[in-house]
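Asker: Residues per chain, in single letters:
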Amino acid sequence: MIKVENLSKVFTKKDGTNFYAVDRINFNAGDGEIVCLLGVNGAGKTTTMRILSTVFQPSEGTAEIQGWDIKKHPGKVRENIGFLSGDTGLYDRLSGREFITYFGRLYSIEDSVIAKRIKEMADLLDMNEFLDKKIGFLSSGMKQKVSIVRSIIHDPPVMIFDEPTAGLDILTARNIVSFIRDCKQRGKCVLFSTHIMREAERLADRIVMIHKGKILADGTLEDLRNISTQTDLDDIFVFYINQYTDEMELRANEF
Amino acid sequence: MNFKHSLVIYRKELREVLRDKRTIFTTFILPIILYPFIIVGFNSIMIRQTKSLEERGATVAVQDSVNNNISRQFIQDLMTIKNYTIIPYTKTTPRLYEDKDIQSIVTICDSLGSDGTQFFKVYIQYDKSKDQSRMVFNKLSEQLSQTEKELQKEFLQSSGISPDFLNLIDIRERDTSSAQKKMGMILGMFLPYIIIMMLFAGASIVAADLVAGEKERKTLETLLVSSVGRLEIVCGKYLTIITLAMLNMIVNLFSISFSLRFMLANQNTEMAGVSLPVNAILILLIAMIPLATLFAAILLSISTFSRNIKEARSYEQPLLIIAMLLGMVSFFPAIEISNLLALIPVVNIALLFKAVLINEYAFSHILITIFSTLLLDLIAILITIKLFQTESVLFRTEEESGGWKVLKRKPKTFFNPYNGIFYFSIALIVLYYLGSYWQVKDLFSGLIQTEIIIIALPVLLILKLLRLKPKEVLRLKTPKWHSFLFIPFIAISAQIIASIISQLINIIFPFPEKYLEALSNLYKMNETPWKVFLAIALLPGICEELLFRGFLIRFFEKYSVRWAVVISAILFAVYHLDPFRFIPVLLLGLLLGYLAVRSGSLYASMFAHIINNGMAFVLVTFSNAGWVKFIAKDGENINYWLIAPALIIFCISLYAFHKVTTKGEDKCVE
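Chains S and C supply the protein sequences, listed in that same order.
Each residue of the first sequence is one higher than the one before, starting from 62 at the first, in our numbering.
Each residue of the second sequence is one higher than the one before, starting from -3 at the first, in our numbering.
Calculated from the structure, these hints are not laboratory results.
Just so you know, not all the hints are guaranteed correct.
In silico DSS-like links for lysine-lysine, alpha-carbon gap of 25 Å or less [to be verified]:
{"no.": "1", "chain 1": "S", "residue 1": "Lys74", "chain 2": "C", "residue 2": "Lys149"}
{"no.": "2", "chain 1": "S", "residue 1": "Lys194", "chain 2": "S", "residue 2": "Lys64"}
{"no.": "3", "chain 1": "C", "residue 1": "Lys214", "chain 2": "S", "residue 2": "Lys194"}
{"no.": "4", "chain 1": "S", "residue 1": "Lys74", "chain 2": "C", "residue 2": "Lys124"}
{"no.": "5", "chain 1": "S", "residue 1": "Lys137", "chain 2": "C", "residue 2": "Lys382"}
{"no.": "6", "chain 1": "S", "residue 1": "Lys133", "chain 2": "C", "residue 2": "Lys0"}
{"no.": "7", "chain 1": "C", "residue 1": "Lys78", "chain 2": "S", "residue 2": "Lys137"}
{"no.": "8", "chain 1": "C", "residue 1": "Lys17", "chain 2": "S", "residue 2": "Lys194"}
{"no.": "9", "chain 1": "S", "residue 1": "Lys74", "chain 2": "C", "residue 2": "Lys554"}
{"no.": "10", "chain 1": "C", "residue 1": "Lys149", "chain 2": "C", "residue 2": "Lys135"}
{"no.": "11", "chain 1": "C", "residue 1": "Lys0", "chain 2": "S", "residue 2": "Lys137"}
{"no.": "12", "chain 1": "S", "residue 1": "Lys74", "chain 2": "C", "residue 2": "Lys382"}
{"no.": "13", "chain 1": "C", "residue 1": "Lys382", "chain 2": "S", "residue 2": "Lys132"}
{"no.": "14", "chain 1": "S", "residue 1": "Lys74", "chain 2": "C", "residue 2": "Lys214"}
{"no.": "15", "chain 1": "C", "residue 1": "Lys124", "chain 2": "C", "residue 2": "Lys135"}
{"no.": "16", "chain 1": "C", "residue 1": "Lys465", "chain 2": "S", "residue 2": "Lys74"}
{"no.": "17", "chain 1": "S", "residue 1": "Lys133", "chain 2": "C", "residue 2": "Lys465"}
{"no.": "18", "chain 1": "C", "residue 1": "Lys78", "chain 2": "C", "residue 2": "Lys0"}
{"no.": "19", "chain 1": "C", "residue 1": "Lys214", "chain 2": "S", "residue 2": "Lys195"}
{"no.": "20", "chain 1": "C", "residue 1": "Lys78", "chain 2": "S", "residue 2": "Lys195"}
{"no.": "21", "chain 1": "S", "residue 1": "Lys177", "chain 2": "C", "residue 2": "Lys0"}
{"no.": "22", "chain 1": "C", "residue 1": "Lys467", "chain 2": "C", "residue 2": "Lys406"}
None of these values were measured; they are calculated from a predicted model.
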């Protein structure tokens, strides 16, 4: 379960001015639910996910993962999440098995358990052929499979995917999509970010639209359709952005 | 912190490193091949070369202006030298010498001694810069002195004196050094340098890759979101670098010692078969570990700070040069380790190795060396951990290229740490060359020129150029008048405390005589007192404050004003180019920075600076006055008991100052 409360992240620019990458956002994601963080590049998706995975400290507000506060118990939070992004690198000189085992050990899982899980997942994802080859020799699809196993080696209840299909070919992207569905079936709480409308449409139970660090909309596709009176997600997205821009201009005129 | 996690990281990093063929080649294979090749190969080439030079012989032209029996005897004997051709001097001889067809020209002249006996002057013309030519000279002079000896013998015999008279003194050396010590002396020259370089090289093989490389390959984020803590990551990577540094050094040393042994055994000198005592080797190894950890910590912090491997490598370069220069100290024969030198990183290890190799070292040197190195090591590690917790460093993006246009639009972007360090370095170089040149020419006018032209003027010019208001940037604001009341008390008590600290340092690490002389000369210029006051108190107080507390401090204020005060104080201490006064000057810099920032007015720190320097001047100038004797016995050393009242006055006046000034009076440059 993910609970985000009033979360903000302020960066200081080179010229000394402050800039809100994430601006007092609130949203939840429950177990067995797929929530999509939808927004254009630079909307604040990655920053939000980095805060949730405790890589960044929030400037204001907080969030909870499985009841653990990200500020007070960052270690516990990390134990409860699996993190995967489209452009993650891997260690080329290790084999897939060594790579996964390495992270398993960092989660303090016993070697026998790690081996068992690797076997399960390798059978499932059809990885047995290349699991003992050096990662440097693998194709990007194979690498992504290794990354998938790495992200769930500790069987976390919450999965966070940051633009998981960015830069991947169609076949590999399909693997990821089915993996995300699989996570939902196992009852995991899934949060994924994307700027691709189709992906959000196909996968998400709920869509959280984010723009310039602010949340514009939060609801099922049906909800969003009803409010915006548009059917296509593209049009819904543009509708909300226009609404936001108008509001900003209105406020600017008030001063 | 879970050390198990660090070990997991350590094992994984080592495995990765050992799978990299390039690393294996540079760390293990190259040294094993290289040294035997260089040392043994070089040696045999040298021996062969000398031999061939001898066999080549030489052509020597002889001009005999005496032409008697004796001089002919000289020439006769020169002809007996193997492979040498002796030809008479002709008109063409100088040209042949120019063309290098003749290696040497010998001219024999005669002269009369004071009692009328005849003696010979023999000129040997040769090119000393050439190996072969030097060899010819040696051969010729050797042969000539042998002939001389024989002639003397004949002469003595004919006069009825025993020729043994010629060997009145027979000098024989009795060397008390052992072969082992001699070997230590030779090794002590270059071994420390090699060891330091190898440690650095070994550490730098992996350091850049470990963090900057992970950033570049985008694996760092994956590592950060796993349950491992950042401290554990730093620790695991740190151990990896240390291991590689030590491995590289040990492999290199092993290869060097093997090759050297082989060479010595072939040469049959007394050093053949000599080995270093076990305890020396042990001490070397123990002392090397802190250095390896220091290099590892510094390189790791560089790697953490850098965006990519390339950037990390370019930051490593200057560090390598500094380490090289410091390590070269072992080549200087006169420098020996002392408690003071044991404080300087790298230099201490180089000198300690040297001392251990000739078995002349004190236990205190080892302790100070190890602890001072470990202290720096600790600082570097803490910086790395801090960097690892700084988001802006871990996820640094490409910087906007600045340039003049950006500066013109937003002149305040000029004040960033990079520009600050850059400006400071330039000012330091100018001070070092131009400032000291002026001061050597004439101390009084040199000091004034330095303060105005090097220290103050560029600051005002830059602000003018950037169209910034000096009043605002340099904090040239009038402070509350009552805060000024306390400054004399603060400054005078601080001066006394700083002097006593300086005296205590002098007891532990005595200042060299020459240094003290130079320092007291500063106060005893041949000028009227008010001029001296101008040069050493008034102008420094104004100009140095403009530069350090006014200008330089602004470069570092973006993150924290407190750190800006500390950094400006460090720069202030470095700027004095005086290792003996580093600590007192640093403390003074901290105080002045605090005064300026707290009151929001540079006039406060200027006032304190002038009083501080002025007091030193007064103590020296009026050292004979009764009231000065009360403070300082001889105008130099402050009475120790004064520390108690000085501390009390300092604390009270500083507290009062703190009370009358309120926080937030000062605004940073935004």
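Asker: Hint check: C/Lys17 vs S/Lys194, CA-CA at most 25 Å. Holds or violated?
Answerer: Answer holds: C/Lys17 to S/Lys194 is near 17 Å, not above 25 Å.
Asker: Can you confirm whether the C-alpha distance between C/Lys78 and C/Lys0 stays at or below 25 Å?
Answerer: Given that 25 Å is the threshold and the Cα spacing comes to 75 Å, the pair is violated.
Asker: Compare the distance between the alpha carbons of C/Lys149 and C/Lys135 with 25 Å, and conclude whether the hinted pair is satisfied.
Answerer: holds (21 Å)
Asker: Does the structure keep C/Lys465 and S/Lys74 at a Cα separation of 25 Å or less?
Answerer: holds (23 Å)
Asker: Quick one, are S/Lys133 and C/Lys0 close enough, alpha carbons at most 25 Å?
Answerer: The hint holds at about 23 Å.
Asker: Just to be careful, I want the Cα atoms of S/Lys74 and C/Lys214 compared with a cutoff of 25 Å; is the pair within it?
Answerer: Distance of about 23 Å is within 25 Å: holds.
Asker: Keeping to a limit of 25 Å between CA atoms, is the pair of C/Lys214 and S/Lys194 held or broken?
Answerer: holds (21 Å)
Asker: Does the structure keep C/Lys214 and S/Lys195 at a Cα separation of 25 Å or less?
Answerer: Between C/Lys214 and S/Lys195 the Cα gap is close to 18 Å, so the pair holds against 25 Å.
Asker: If you draw a straight line from the CA of S/Lys74 to the CA of C/Lys124, is it 25 Å or shorter?
Answerer: violated (66 Å)
Asker: Below or equal to 25 Å on CA atoms is what counts here, so check C/Lys0 against S/Lys137.
Answerer: holds (17 Å)
Asker: Has the given pair, S/Lys137 with C/Lys382, been kept, meaning a C-alpha gap of at most 25 Å?
Answerer: holds (22 Å)
Asker: Does C/Lys0 lie within 25 Å of S/Lys177 when you go C-alpha to C-alpha?
Answerer: holds (22 Å)
Against the hints set out earlier in the document, violations occur for numbers 1, 2, 4, 7, 17, 18 and 20.
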